[in-house]
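With chain A's structure known, arrange chain L on it following the hints.
Chains A and L supply the protein sequences, listed in that same order. Per the working numbering, the first sequence runs over residues 1 to 114. Per the working numbering, the second sequence runs over residues 1 to 113.
No wet-lab data here; the hints were simulated from the structure. Warning: the hint list may mix true and false statements.
[As the list claims (entries may be wrong)] The list that follows gives simulated cross-link-like pairs (lysine-lysine, DSBU-like), each with its CA atoms no further than 35 Å apart:
hint: 1; chain 1: A; residue 1: 27; chain 2: A; residue 2: 44
hint: 2; chain 1: A; residue 1: 27; chain 2: L; residue 2: 108
hint: 3; chain 1: L; residue 1: 56; chain 2: A; residue 2: 44
hint: 4; chain 1: A; residue 1: 51; chain 2: L; residue 2: 105
hint: 5; chain 1: A; residue 1: 27; chain 2: L; residue 2: 56
hint: 6; chain 1: A; residue 1: 71; chain 2: L; residue 2: 108
[What the hints assert, rightly or not] Covered by chain L, according to a simulated footprint, are these stretches of chain A (three or more residues, beta-carbon under 8 Å):
hint: 7; stretch: 39-51
hint: 8; stretch: 104-113
C-beta atoms are modelled at their ideal positions from N, C-alpha and C, and glycine is treated no differently.
For reference, the chains in residue letters:
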Amino acid sequence: NAGVMQNPRHLVRRRGQEARLRCSPMKGHSHVYWYRQLPEEGLKFMVYLQKENIIDESGMPKERFSAEFPKEGPSILRIQQVVRGDSAAYFCASSPLIGGYGYTFGSGTRLTVV
Amino acid sequence: GESVGLHLPTLSVQEGDNSIINCAYSNSASDYFIWYKQESGKGPQFIIDIRSNMDKRQGQRVTVLLNKTVKHLSLQIAATQPGDSAVYFCAENVKGGSEKLVFGKGTKLTVNP
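The shape of chain A in the complex, shown without the other chains (with noise of 0.2 Å):
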């Protein structure tokens, strides 16, 4: 059984440029999570989702930044127009349970944004 699974592991993008940061979660895993990381900093809750649904998006900025997790295929983060701002390492997770139970993290995208 696979783990969560992040594509890519690394991305560099020019400023202005969209980057699409994708997660497969663990296998019969309905719950995903996005999460953003800064250097020397904990992890940043950004957006939760069940399949088709966005439960929680409180932490993602309003613009530029969107989620999806559709029936079929991977969640996918996605953000236009990238700013350097934008560079940190971005965590997938994904849990059978709600309630932050059984959370298993991927080993992140490293976004630099150049």
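Relative to the frame of chain A, chain L by itself:
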């Protein structure tokens, strides 16, 4: 703002010693707490968790203590090994709230051989 924080940002210990990493939280509604280990370039790895109806839980070489009176959480690692070197985060989940976890900034543990 964040409700979870750590007292010590760095901790250096000798191999074989016991390590104690502390965490303070401010949200009394939190009912579930988790400790994660994060090695360089990797995602957080679950170590141990505890629910608010407990005050102690033991795993293999690790123990988590929860003091709800003073809103304090600690992770004890017995016989610390070089492979334990990493950044350790505590995280909390608020009962009845969003499913998000709130993380502290982390403590960097360095184990000297």
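Each hint tested on the structure:
| no. | hint | result |
| --- | --- | --- |
| 1 | A/27 / A/44 | 25 Å, holds |
| 2 | A/27 / L/108 | 32 Å, holds |
| 3 | L/56 / A/44 | 27 Å, holds |
| 4 | A/51 / L/105 | 30 Å, holds |
| 5 | A/27 / L/56 | 31 Å, holds |
| 6 | A/71 / L/108 | 39 Å, violated |
| 7 | 39-51 | holds (count 7) |
| 8 | 104-113 | holds (count 5) |
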